[in-house]
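Line by line, the protein sequences give chains Z and Y. Note that numbering that gives the first Met the number 0 numbers the first sequence so that position 63 is 62, with each residue one more than the last. Note that numbering that gives the first Met the number 0 numbers the second sequence so that position 118 is 117, with each residue one more than the last.
The hints are all genuine.
Simulated pairs of lysine-lysine, BS3-like, Cα-Cα distance not exceeding 30 Å: (1) Z/Lys159 with Y/Lys76; (2) Z/Lys31 with Z/Lys14; (3) Y/Lys126 with Y/Lys78; (4) Z/Lys394 with Z/Lys230; (5) Z/Lys322 with Z/Lys282; (6) Y/Lys126 with Z/Lys164; (7) Z/Lys75 with Z/Lys230; (8) Y/Lys78 with Y/Lys106; (9) Z/Lys272 with Z/Lys309; (10) Y/Lys106 with Y/Lys31; (11) Z/Lys31 with Z/Lys75; (12) Y/Lys40 with Y/Lys126; (13) Y/Lys164 with Y/Lys106; (14) Y/Lys106 with Y/Lys48; (15) Z/Lys272 with Z/Lys322; (16) Z/Lys309 with Y/Lys126; (17) Z/Lys159 with Y/Lys163; (18) Y/Lys106 with Z/Lys309; (19) Z/Lys159 with Y/Lys164; (20) Y/Lys75 with Z/Lys159; (21) Y/Lys75 with Y/Lys106; (22) Y/Lys126 with Z/Lys159; (23) Z/Lys159 with Y/Lys78; (24) Y/Lys78 with Y/Lys163; (25) Z/Lys309 with Y/Lys78; (26) Z/Lys272 with Z/Lys394; (27) Y/Lys31 with Y/Lys48; (28) Z/Lys159 with Y/Lys106; (29) Y/Lys45 with Y/Lys31; (30) Y/Lys163 with Y/Lys76; (31) Y/Lys126 with Y/Lys164; (32) Z/Lys322 with Z/Lys190; (33) Y/Lys75 with Y/Lys31; (34) Z/Lys31 with Z/Lys41; (35) Y/Lys78 with Z/Lys164; (36) Y/Lys76 with Y/Lys31.
For the record, the hints were derived by calculation from the structure and aren't laboratory data. Quantities reported herein were computed from a predicted structural model and do not represent experimental measurements.
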Amino acid sequence: MAGRRACIVGGGMCKWGVREASYIDMVQEAAKACLEDVPGLKPTNIDGLLFSSTFVGRRSVQANTAPVVAERLGLKPTSICARVDVLCAGGSTGILLAKGLVESGMADVVMVVGCEKLYTPERWQVQYDEIAAIDHDWDAPQGIGPPPLWFAMIAKEHMKHYGTKREQLGMVSVINYGYGYTNPKGHFQRKLTMEDVLNATEIAAPLGLYDCCPLTDGSAAVIIASEEKAKELSDRPLVYIRGGAQVSLHSVSANWPGEHLGDWPHLRLAAKKAYANAKISPKDVDVAQVHDCFSISEIVEVEELGFCKKGEGGLFVESGQTKLGGAIPTNTDGGLLSCGHPFGATGIRQAIEILKQLQGRATNQVNGAAIGITHNLSGSCVEHTIVIYGREPRK
Amino acid sequence: MATAWIPFLEGRYSPTLDMWPIEAKEFNRIYKFYENLREGKFTTTKCQKCGRVAYPPRVICPECYSDELEWIELPKKGKVIVVVEKWGGVPICYEPPLIDAWIDLGKDSPVRHILSRMINCPPESLKEGDEVQLAVFDVPAHPIELKKETIKAERVFFAFEPVKK
Ligand SMILES: [Zn+2]
Numbered sequence: 000m001a002g003r004r005a006c007i008v009g010g011g012m013c014k015w016g017v018r019e020a021s022y023i024d025m026v027q028e029a030a031k032a033c034l035e036d037v038p039g040l041k042p043t044n045i046d047g048l049l050f051s052s053t054f055v056g057r058r059s060v061q062a063n064t065a066p067v068v069a070e071r072l073g074l075k076p077t078s079i080c081a082r083v084d085v086l087c088a089g090g091s092t093g094i095l096l097a098k099g100l101v102e103s104g105m106a107d108v109v110m111v112v113g114c115e116k117l118y119t120p121e122r123w124q125v126q127y128d129e130i131a132a133i134d135h136d137w138d139a140p141q142g143i144g145p146p147p148l149w150f151a152m153i154a155k156e157h158m159k160h161y162g163t164k165r166e167q168l169g170m171v172s173v174i175n176y177g178y179g180y181t182n183p184k185g186h187f188q189r190k191l192t193m194e195d196v197l198n199a200t201e202i203a204a205p206l207g208l209y210d211c212c213p214l215t216d217g218s219a220a221v222i223i224a225s226e227e228k229a230k231e232l233s234d235r236p237l238v239y240i241r242g243g244a245q246v247s248l249h250s251v252s253a254n255w256p257g258e259h260l261g262d263w264p265h266l267r268l269a270a271k272k273a274y275a276n277a278k279i280s281p282k283d284v285d286v287a288q289v290h291d292c293f294s295i296s297e298i299v300e301v302e303e304l305g306f307c308k309k310g311e312g313g314l315f316v317e318s319g320q321t322k323l324g325g326a327i328p329t330n331t332d333g334g335l336l337s338c339g340h341p342f343g344a345t346g347i348r349q350a351i352e353i354l355k356q357l358q359g360r361a362t363n364q365v366n367g368a369a370i371g372i373t374h375n376l377s378g379s380c381v382e383h384t385i386v387i388y389g390r391e392p393r394k
Numbered sequence: 000m001a002t003a004w005i006p007f008l009e010g011r012y013s014p015t016l017d018m019w020p021i022e023a024k025e026f027n028r029i030y031k032f033y034e035n036l037r038e039g040k041f042t043t044t045k046c047q048k049c050g051r052v053a054y055p056p057r058v059i060c061p062e063c064y065s066d067e068l069e070w071i072e073l074p075k076k077g078k079v080i081v082v083v084e085k086w087g088g089v090p091i092c093y094e095p096p097l098i099d100a101w102i103d104l105g106k107d108s109p110v111r112h113i114l115s116r117m118i119n120c121p122p123e124s125l126k127e128g129d130e131v132q133l134a135v136f137d138v139p140a141h142p143i144e145l146k147k148e149t150i151k152a153e154r155v156f157f158a159f160e161p162v163k164k
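Make a model of the complete structure from these sequences and hints.
So this is what it looks like as structure tokens:
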């Protein structure tokens with residue numbers, strides 16, 4: 000007999016961008032959108048809450064956040080009521096934890112909600128605060144709080160070792176903004192040309208403005224439930240959380256685990272473990288959401304996730320393999336580059352897009368998508384988190 | 000002053016907004032690193048039980064969890080592997096460009112690579128293969144309340160700089 004299985008039932012997000020709203024306002028907007036996606040589910044029927052955020056408590060004053068969120072959302076959790084902080088992967092981490100709680104029998108219906116309010120009354124703090132999100136005492140004093148420096152180094156190293164071209168980085172932005180143009184909830188709705196990307200303000204060469212995701216206020220929420228509850232709550236096709244993995248091999252940049260900065264063994268390990276856990280291989284993946292915090296990130300990720308050979312990520316993107324009709328359409332809602340990146344909410348946004356793809360109701364629909372994957376890196380690439388979703392449960 | 004005043008707006012110190020480490024011996028057990036740095040030495044901890052060198056320094060060995068550690072010196076010179084300059088979105092505490100390098104400390108060093116900000120380095124002057132060296136500088140002091148008085152905790156930190164050819 001199969002044990003209990005966890006499904007993702009529904010999800011929603013608030014409008015992302017520079018918002019005239021507090022974190023707790025946005026959490027309410029996202030929860031409302033989430034429950035509108037699961038008609039019939041009442042707040043009081045949700046027995047668990049996981050709240051994902053890194054900067055609530057730093058850019059707004061509130062520690063012990065979970066009870067505040069629960070109360071404002073009208074939840075009365077009886078299985079779990081806790082906060083998760085894994086920076087960029089907090090949302091995906093919440094989903095993995097909810098899966099474990101549901102499968103263990105401890106919880107039946109869990110809301111995972113993520114939120115960041117990054118813009119503060121004085122704008123200097125928006126960049127300055129990033130020093131808290133990496134290894135503070137050792138890396139922050141070297142200036143890599145804001146991550147573009149580190150990812151510019153990764154880009155240069157990838158170009159040196161594999162011959163990746165500037166225009167291939169640019170293609171990532173052009174394609175992802177192209178998807179994001181159709182997503183009204185994302186930070187940006189504009190199309191980019193290669194000319195726009197190459198002529199943009201330089202941030203840290205080779206990366207320009209459009210190679211970097213923006214800092215964004217936003218919130219997103221999903222419902223994770225047991226298979227039995229999922230059948231009661233929704234008439235849509237079931238989407239199972241088939242498996243996942245989370246790997247961390249270092250924190251300080253000096254302990255980087257790769258042969259060089261374009262070599263990401265921690266992501267290779269996470270992918271190997273997640274595929275084994277979900278009982279699939281990379282060739283089974285129909286649609287992907289990968290962590291395009293920078294254009295170069297997506298190029299390295301499609302390699303290390305096994306979508307193409309190591310070193311051929313630039314070619315993979317340039318040849319249209321991440322577009323609709325390509326081998327693995329990727330970041331089909333716009334990704335971090337176009338939707339923006341409210342850290343703790345990003346993994347939840349990715350989950351919502353994969354849910355819609357697997358239920359056949361995405362805006363940029365991949366025909367017949369049956370297996371989807373989400374990936375997040377955290378901070379200066381110190382942790383990798385993967386969640387694999389499927390129309391069929393793991394056998 | 001209003002009856003319920005805001006400490007930040009009156010210039011009171013909080014470590015949560017400090018980009019530098021709290022180095023004073025009253026607040027950490029690896030303060031020797033900063034004392035050594037003040038003497039121009041770049042150091043870390045080595046396990047006396049199993050010999051493992053760990054960076055950054057710590058109070059237990061990450062290999063065998065022994066707490067019998069000694070301080071050793073790391074190389075103060077290295078070669079640039081890759082250098083980048085950041086002009087946009089530089090935090091308020093720096094003047095652009097912010098220049099950083101990924102440095103090879105050599106195959107004999109127990110810590111092979113270090114990421115460092117480059118100082119005393121004109122824009123677009125540094126390239127792959129260039130030799131660089133440790134550079135220690137003062138950073139802002141912060142107050143510490145002791146029993147009867149408030150003292151200023153002086154601090155230093157490090158970056159790297161080009162070796163003059
Ligand atoms: Zn040891």
